[in-house]
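Asks: When we follow the working numbering, the leftmost residue of the sequence shown carries the number 15, and every step to the right adds one.
No wet-lab data here; the hints were simulated from the structure.
Please note: incorrect hints may appear among the correct ones.
[Claimed, not checked] Computed spacing ranges between beta-carbons, pair by pair:
(1) Lys109 <-> Arg87: 17 to 23 angstroms
(2) Arg70 <-> Tyr122: 31 to 37 angstroms
(3) Ser28 <-> Thr71: 27 to 33 angstroms
(4) Lys78 <-> Lys120: 26 to 32 angstroms
(5) Ala35 <-> Arg92: 33 to 39 angstroms
Idealized CB from N, CA, C, for every residue including glycine.
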Amino acid sequence: MLRTSHQRAVLCRSCPLAKVADLVGDSISLIILRDLLEKPRRFTDLQLALAGVSSRTLTLKLKKLEKCGIVSRHHDFRLGNKVVYRLTKKGAAFKRVAAAMRAYGKKYL
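Could you build the full structure based on these sequences and the hints that come with them?
Replies: Here's what the structure looks like:
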């Protein structure tokens with residue numbers, strides 16, 4: 015059955031997989047999550063891992079992840095009031111998804 019572009023868009027918005035792909039389906043967001051799964055990071059640490067990505071792009075990605083409740087932003091006074099990004103409980107739940115993606119990549123790519 016052929017669907018109109020509007021019908022496909024509605025189906026995508028109601029599909030959990032499409033929603034996750036929209037949120038973290040780009041390489042920048044995946045690298046951010048990969049690094050934050052290890053430990054909290056400062057902006058500059060994340061930027062080093064994403065060589066070639068502009069500060070503006072990284073900022074926009076972090077804000078999107080923060081708005082969705084995946085990442086939280088904190089001031090760490092031990093580091094001289096530097097901003098540190100860490101995963102929320104919702105973000106930490108991505109660990110199993112990342113592990114499955116890593117296993118798939120090792121096996122098939």
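Asks: Evaluate the given range 33 to 39 angstroms for the C-beta pair formed by Ala35 and Arg92.
Replies: Given range 33 to 39 angstroms: holds, Cβ gap about 37 angstroms.
Asks: For the hint 26 to 32 angstroms, verify it against the beta carbon of Lys78 and that of Lys120.
Replies: Between Lys78 and Lys120, where Cβ atoms are some 28 angstroms apart, the hint holds.
Asks: CB of Ser28 to CB of Thr71, is that within 27 to 33 angstroms?
Replies: holds, 29 angstroms
Asks: May I ask you to test the hint 17 to 23 angstroms on the CB atoms belonging to Lys109 and Arg87?
Replies: Given about 20 angstroms between the Cβ atoms, the range holds.
Asks: Could you check the hint for me, namely that Arg70 and Tyr122 are 31 to 37 angstroms apart, CB to CB?
Replies: holds, 34 angstroms
Checked against the numbered hints given earlier, the structure satisfies every one of them.
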